[in-house]
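K.L.:
Each chain, written out:
There are 4 protein chains.
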Amino acid sequence: MIIVMTPDHSPEDLNRVIRRIEDLGLKAHISKGEHRTIVGAIGDERVLREIPIESMSGVEKVMPIMSPYKLVSREFKSEDTIIKCNGYSIGNKKIQVIAGPCAVESREMLEEVAKAIRPLGVNFLRGGAFKPRTSPYSFQGLGKQALEYMARVREETGMLVVTELMDPRDAVLVAKYADIIQIGTRNMQNFRLLTEVGNIEKPVLLKRGMSATIKEWLMSAEYIASQGNENIILCERGIRTFETETRNTLDLSAVPVLKRLTHLPVIVDPSHAVGRVDLVPAMAKAAIAAGADGLLIEVHPRPEEALSDGPQSLTPQQFAKLMEELKWVAEAVGREL
Amino acid sequence: MIIVMTPDHSPEDLNRVIRRIEDLGLKAHISKGEHRTIVGAIGDERVLREIPIESMSGVEKVMPIMSPYKLVSREFKSEDTIIKCNGYSIGNKKIQVIAGPCAVESREMLEEVAKAIRPLGVNFLRGGAFKPRTSPYSFQGLGKQALEYMARVREETGMLVVTELMDPRDAVLVAKYADIIQIGTRNMQNFRLLTEVGNIEKPVLLKRGMSATIKEWLMSAEYIASQGNENIILCERGIRTFETETRNTLDLSAVPVLKRLTHLPVIVDPSHAVGRVDLVPAMAKAAIAAGADGLLIEVHPRPEEALSDGPQSLTPQQFAKLMEELKWVAEAVGREL
Amino acid sequence: MIIVMTPDHSPEDLNRVIRRIEDLGLKAHISKGEHRTIVGAIGDERVLREIPIESMSGVEKVMPIMSPYKLVSREFKSEDTIIKCNGYSIGNKKIQVIAGPCAVESREMLEEVAKAIRPLGVNFLRGGAFKPRTSPYSFQGLGKQALEYMARVREETGMLVVTELMDPRDAVLVAKYADIIQIGTRNMQNFRLLTEVGNIEKPVLLKRGMSATIKEWLMSAEYIASQGNENIILCERGIRTFETETRNTLDLSAVPVLKRLTHLPVIVDPSHAVGRVDLVPAMAKAAIAAGADGLLIEVHPRPEEALSDGPQSLTPQQFAKLMEELKWVAEAVGREL
Amino acid sequence: MIIVMTPDHSPEDLNRVIRRIEDLGLKAHISKGEHRTIVGAIGDERVLREIPIESMSGVEKVMPIMSPYKLVSREFKSEDTIIKCNGYSIGNKKIQVIAGPCAVESREMLEEVAKAIRPLGVNFLRGGAFKPRTSPYSFQGLGKQALEYMARVREETGMLVVTELMDPRDAVLVAKYADIIQIGTRNMQNFRLLTEVGNIEKPVLLKRGMSATIKEWLMSAEYIASQGNENIILCERGIRTFETETRNTLDLSAVPVLKRLTHLPVIVDPSHAVGRVDLVPAMAKAAIAAGADGLLIEVHPRPEEALSDGPQSLTPQQFAKLMEELKWVAEAVGREL
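Residue numbers (our numbering), protein chains in the order written: chain H, 1 to 337; chain Y, 1 to 337; chain P, 1 to 337; chain W, 1 to 337.
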């Protein structure tokens, strides 16, 4: 950590800063320049991060050198993490597509979707049991019943179940049915929920918060990892910007950035990012080209009747066509679908 | 709701849209222009919001006319809501300042702060028992013990307790000790938590989500109100923007916007918004001038030793000076402190 | 255009609105709902846009139905515009890559780059003569001399010249040397400059403003087109967001959005968007997969000596590798490089 | 400047960095930590900023210590700059309000406004002669004629003229008529225009770019100052964010931030920031409370007939009421109106 002193700091100010650093077991390295005196704190700067050095007299600013996360960093573990999940893997050459309806609306519609997409090589079925809806008057999901329907469809088709956990009180229930537990964008910094899934032995799909920096997102992953669960899949799903043509702005550059910073697999959800079915195929292809390890795509048999997210759901026919197109892109970047 | 048809829609497309509207008990009003045909849905458009009309064939876009929230809207209740809280009120002529440390670190420091600020006319003491920290390695709060310290200080000083609830499992516990329950910025769309506090008979201080639009914020208030608890205080605390000189960008125009849209009281937290103690006084004064009903300000006896948010905490001396200055501004806009 | 009246408007308010609409030659269509009265203005709403209807008594809000641009809209011209430029085309099956240094630093370095990239199938050479630099103390470009170097390299290699115009006073000079005139991100709303290039018979490469919505960007294109020059290439180059890992956030969803809204070709500049050479290849591939018609890529023989934008410039070797990879992606989406 | 080396850099990499620093006349100070080696460049780091050190082999990142601007910094000149302008001052105890119509539409309306606001103590009359309009089909201003009308009204009323310069070719003309030359938000990084006004002996009112950081804004001021003109007034006018209730988000915290960083006076334009007349008074008061040295407010005799910005223009009556209210707020913060 670099501590920049104000031009008018006193010798006592400097001494206090040095003492504080040394008291924490780090070494202080002073460098007096023409315009500024700088103190370098040498050692594990993470202990220093907890100390409000900026509040000390004579300190102008503090500049961390190291990333605030550790377990999830590429520096800590250089090889890619491959998530194993009941016979399937996420993070290796094969791109996994997780598809299905936004919400499980009935057993019939879930089966209809599953049967339509299973033959296309889709191994993971998504479906919401508990739905975080902006309006209290909107459909909130079928809850436990939806989980049971998903388990039933798993038996029938062999597809694994990906579903969202919203409330720590449902953790045991959801963990019983899900193969991968999703943490939604609005809960990326619900630290209690992160701690909860950190203690469950199931892979976690961690969506990026709508206005989370990549650093904050990795800190949320660190929360989970710090509890012992390192099976984390990061999912870019668009960030909030001033542009209104799309629901959010899909930040595809997050994919190569994350590949540098972390060993965890990265997937992309184009459906929630753009919010418009006509843009989903282009962005799904771009995600693969950018290096994503997988996709999360909403499919509904009759979008115009969907109880949530209709405007961004592909029909099974549209989805089949997209899977065909994705194959070529995957191959072009040395992957397979 | 206005439904704009595509230029090339078929008569069947139009008929299907009309039928859908009428099936929901609304009336359809068609208006054929030179470039577009438009369908107005007349009646309570909230039922229509749940239907993915945009997914219907021949529909270009859908434009809602009414706000998606109801109970919290000024249209539903025109006079200002004044929150009564054990003898004090929020939302009338008197501006309430809620002050105290970010986190309760010990009983001694809490008492020290309380005794320093109580004589300045501060009726509400803030203090975190459960802290949402970005890093799993940071101080997470003293939990139940902090609540007990706060209750003790309430007895000693008469100050009311404002503290954050992070987890629905702590709702009963926090409700037992708090006079006002705070929902933090990261939980503004934790819908389960909102439902929980909607069922508690205590006022709720609802902070704006870091990237929440004013509309989404009011929808979160509506969640609480829809459960029966209409004692909601909105708290602007800065939004996320590209500017990095301040931690967030304090959106003071939200104050007069909210005064138009809702009957709920609005307060401002300049400390979290700017994240720098040197900017807090200016923004506190500006908040009052903009029409805020109160302030939330962090005060710590020794910011350079704070376990969280040191750089944005005022010392009691700085706070006393600010209170003096605020009096003049409050008077200038016809309020009192 | 839809005009929503306030709940408490008077009959005179409504009459004044109707009269205003009819005075402009449009028809007013009134629709009285349970909660609101709505006036639809039927006819060419563009004339209405210039009138501050929102300022009229009794008006709550105004909602336009049509896009504010015309000539550049897909509705006005449904088939794709293909820009012809001295024997090369932009906007058809072949993806054009425009490459070269940020600034022309000397004749030698320009020739060095050109000779390295020409054999890779690059037909357009970019190079800055006038450089918009954030600091007045930075290298501002070689000006006219740079233009002459570029013209010389065009003669030697057959590559066409793409260079930026910053000042209307340089329009004649730049037009004399350039094959495509670039309008930079900071000048996207320099309306005088837009008017100037609208009157030149050379294709214009219009970069998106750093915080421009897609709608504003198309309005800037409309400025150029309204002067008679419809040879406009749109270039997405990243927008400003809160994320700091990348210089800007590349908004690739703008590509399919634009393909819907306009007939103009769309290219992508990954170099400026990400600002880091290690991310350029991934984003270049993603851009092609998203449907871009071309790329703008910075190449410098020795980035560590570049006078501007070194950190985002590929070496010719890195660029050659990327061109190889791009070929596969282009083919995968039915294009060629 | 601090240069952080990658964990795997070679001794040659480090030597090359050191040599580069020393070649520029600076001293290199090496500090080897447990996780990283750091090089501090001691001396005037501004020369280093022009060198792409990040592109050198073995370099992880570069962290500047000093601000990139100099002449406009508080460090360079500690006392406040007070702009003298034909007998009036901006930047001292007295708050100056610059008011008038968005665009000069006719001589009559300009006189009407001037005569209404002059008796309220307004010394500066704003009015657009050249208007930067998003649409090429909108009213673009009366040009030279508007300037003449403004000069005439100056003679009649003694009010000073503030008007925008959009094009370097109009610099001589505008300088002839204006007392203060405004550079609009869309031209904040029109570096040629900045250079032009840097060479004129008239105060410049520099509006913040819609998506400009405070640092970039000060760099634009530095452009002007570097040409010799240090009479610069900074004007905050709202930044672009995701919030759509207001046209832009007024960043009032920029006022105290700037007061720290620069000696230049800072004023606020609430009209353009919010874009809605009902919010202007609250934000004008907040601006004064936050420490602004002045205000820029749009006033139009009949906003519902305005040729531009009607919805955000106050009537003279509304403006008179606001001036009354502002007096109290100014006094409350030790200023006068």
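A hint or two may mislead.
A pair holds if it fits inside one copy or across any two, identical chains being indistinguishable in the list.
As the list claims (entries may be wrong) - Computed cross-link-like contacts, SDA-like style, restricted to lysine to any residue with a CA-CA straight-line distance of at most 20 Å:
1) Lys94 / Leu26
2) Lys61 / Arg46
3) Lys215 / Gly275
4) Lys94 / Glu325
Hints were generated in silico from the structure; no laboratory data involved.
K.L.:
Indicate, hint by hint, whether the structure satisfies it.
P.N.:
We went through each hint and held it up to the structure:
When the C-alpha separation of lysine 94 and leucine 26 is checked against a cutoff of 20 Å, the pair qualifies neither within a copy, at 45 Å, nor between copies, at 50 Å. Taking the closest pair of Cα atoms, lysine 61 and arginine 46 come within 20 Å of each other both inside a single copy (17 Å) and across two copies (19 Å). Taking the shortest alpha-carbon separations for lysine 215 and glycine 275, only the inter-copy value of 18 Å comes in at or below 20 Å, while the best intra-copy value is 25 Å. For a Cα distance limit of 20 Å, the shortest separation of lysine 94 from glutamate 325 qualifies both inside one copy, at 15 Å, and across copies, at 19 Å.
In summary, the one numbered hint that this structure violates is 1.
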